[in-house]
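A.B. asks: Here's the letter readout for the chains.
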Amino acid sequence: MPDADRVDAVVVGAGPAGAAAALELARAGRSVVLLERGPFPGSKNVYGGVVYGRVLDAVLPNWWDEVPVERWVVRRSTMVMTPTQALSIDFRSEAWGSAPYNGMTTYRADFDRWLAGKAVDAGATLVTSTVATGLLRDEGGRVIGVRTDRADGELRADVVIACDGVNSFLAKEAGLLPRAEAKHYTLGVKEVLALPREVIDERFGVHGDQGVDIEMLGCTAGIPGGGFLYTNAETVSVGVVLSVTHLAEAKVRPEQIVADLKAHPAIFPYLRGATVKEYAAHLIPEGGYGAMPRLYADGLLIAGDAAGMTLAAGIWLEGVNFAIGSGLAAGRTAAAALAAGDPSAARLSAYPADLHRSFVLADHKRLRKAPEVILSERMQQRYPGLIADLMEGMFTVTNPEPKPGMAALLRRAAKRNGVSLRDLAADGLKLGRVFR
Amino acid sequence: MTARAGWRRGRAGRRAGRPTGPAGPVGGTPEPAATGPAPSSGPESGSGSGSGSAERFADLSFDDRMATVDFRVGERAHIVVDSDVCRSCTTRACVTACPANLFAVRSDGGILFNYEQCFECGTCYLVCNSEGALSWTYPDGGQGVVFHRG
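If you read the protein sequences in the order shown, they are chains P and U.
If you read the first sequence in the working numbering, its first letter stands for residue 1, the second for the next number, and so on.
If you read the second sequence in the working numbering, its first letter stands for residue 437, the second for the next number, and so on.
Treat the hints as calculated values from the structure; they're not laboratory data.
A quick note: this is a predicted structure, and the numbers were derived from the prediction, not measured.
The reader is advised that the hints may include incorrect statements.
[What the hints assert, rightly or not] Distance windows between CB atoms, simulated:
(1) Glu372(P) <-> Thr573(U): 26 to 34 angstroms
(2) Phe498(U) <-> Trp316(P): 29 to 37 angstroms
(3) Glu567(U) <-> Lys365(P): 30 to 38 angstroms
(4) Gly510(U) <-> Gly141(P): 28 to 36 angstroms
(5) Ser524(U) <-> Gly141(P): 33 to 41 angstroms
(6) Ala345(P) <-> Glu567(U): 44 to 52 angstroms
(7) Asp520(U) <-> Ala151(P): 28 to 36 angstroms
[Stated by the list, open to error] Only some residues are given here: those of chain U computed to face chain P with a beta carbon under 10 angstroms:
(8) Asp500
(9) Thr532
(10) Gly577
(11) Gly578
(12) Gly580
Using N, Cα and C, we set each Cβ at its ideal position, and we do this for glycine too.
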């Protein structure tokens with residue numbers, strides 16, 4: 001621990017939210033301790049595919065010259081699947097292959113360590129292998145620091161920023177997060193598989209530092225969620241995201257769903273001969289805008305997954321950028337409150353207002369109905385089959401029978417998958433409203 | 437009562453070093469077309485065991501899968517299961533949902549739990565519907581799972 005047992009701010013968790021918050025505080029000239037329970041930043045963290053980097057423009061110019069990237073995503077594919085069929089919508093753009101880029105793949109052990117290093121460079125004190133076990137409060141209930149699991153581990157601060165992740169014990173202790181509801185969470189399960197660089201290039205149709213991200217619907221054994229497959233430099237990562245409540249009811253083990261996805265006829269050719277280098281699992285807060293906790297209290301702010309900031313809106317699946325965006329805003333708000341000598345809840349209420357002006361809560365508010373629609377029963381269990389059957393009907397040549405009309409094919413595919421045309425129209429309208 | 441036991445044999449996660457692969461190839465069969473790579477499970481077929489495809493494709497054994505993960509095992513069990521509460525549980529959701537497969541049903545209906553290869557994900561306490569059955573904290577600083585490619 002630092003010599004002084006009192007600092008301006010303590011940030012709990014050196015993931016992207018915490019590193020960003022500590023960076024802003026340090027840049028404002030504040031003394032800040034960044035606590036990390038793992039042996040290094042990123043060691044407890046897992047993500048599912050792509051880090052969208054433009055939020056880093058606020059961290060440093062030309063960040064792309066030094067960020068630890070595996071590959072730059074130039075090809076983005078969305079796959080709708082049944083156990084025996086797959087339809088892909090495949091997009092690629094040369095524009096995504098040069099600065100400022102669009103998305104990157106990375107390892108969190110590298111990326112989070114790099115971003116925390118920026119906070120340290122700016123003057124923050126990083127303390128690893130230390131758990132914040134609770135909040136210190138004064139008689140009025142104001143947060144005045146944290147307890148840690150170190151000897152003499154009390155650390156006093158005028159502001160605490162809890163970036164302690166999806167299970168945030170600090171947000172719960174502060175009463176900001178009511179008892180977690182399982183329905184707002186998904187479980188991500190992932191394997192990282194080694195393949196030679198040239199094999200990845202050939203199979204995915206890329207070269208150099210170009211990468212691919214494939215996101216899938218209909219590959220999770222009827223459990224609401226989805227799948228993903230993306231390229232790193234010399235590995236590929238494959239996994240699924242599963243509704244926790246439905247997983248608990250389904251009596252299917254999560255690694256079995258990954259194994260089935262790896263064996264899918266549309267996925268297996270990408271993975272043949274690959275060896276597993278790391279298996280990982282992590283919870284994801286997917287409740288969105290309506291499930292977020294209160295974001296501040298006297299002396300306390302919360303950011304990142306602790307605040308439920310992951311955006312799970314089907315066609316947009318983003319988390320790390322939202323963590324960074326919320327962390328930067330929390331750090332700015334805390335620095336301004338410290339400058340004013342007033343870290344009260346009233347002063348810290350500037351934080352959500354700041355977030356609403358940025359993409360963080362603007363996107364979440366706009367897409368607040370998306371998680372419910374995306375994880376709905378028809379979207380998850382019926383539409384993948386309907387779409388695949390429609391495509392198979394369109395492209396199967398039935399000679400000597402003449403081609404059936406498109407309307408007949410649609411009716412047939414809908415009926416076979418238990419969808420009424422009225423439901424289909426209603427869901428189309430709903431999707432239009434959600435993504436307007 | 438606290439239930440703790442190393443019930444899974446051949447634990448590979450005690451070492452603290454960085455994991456070294458390869459742990460096993462995907463697809464032991466060189467020509468997947470010849471074996472008919474139709475997945476064994478899906479929404480319609482009512483997946484359950486689904487182990488068929490895993491065997492066909494020579495997927496990893498669970499112990500080999502867990503052996504790819506770096507765990508720095510602490511002395512203190514950070515999750516404690518009160519098996520007396522579990523005996524009256526009807527769902528046993530933790531047993532199938534835990535991605536590290538750390539929960540097992542005992543012959544007397546209680547639950548055995550092993551904290552050593554825990555991802556610290558929190559799924560077990562989210563799905564647990566028995567108040568007080570699980571007490572959940574993080575491992576001590578620097579201990580527990582360490583992801584290198586997360």
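A.B. asks: Find the hints from earlier in the document that the structure breaks and name them by number, from lowest to highest.
C.D. replies: Number 6 only.
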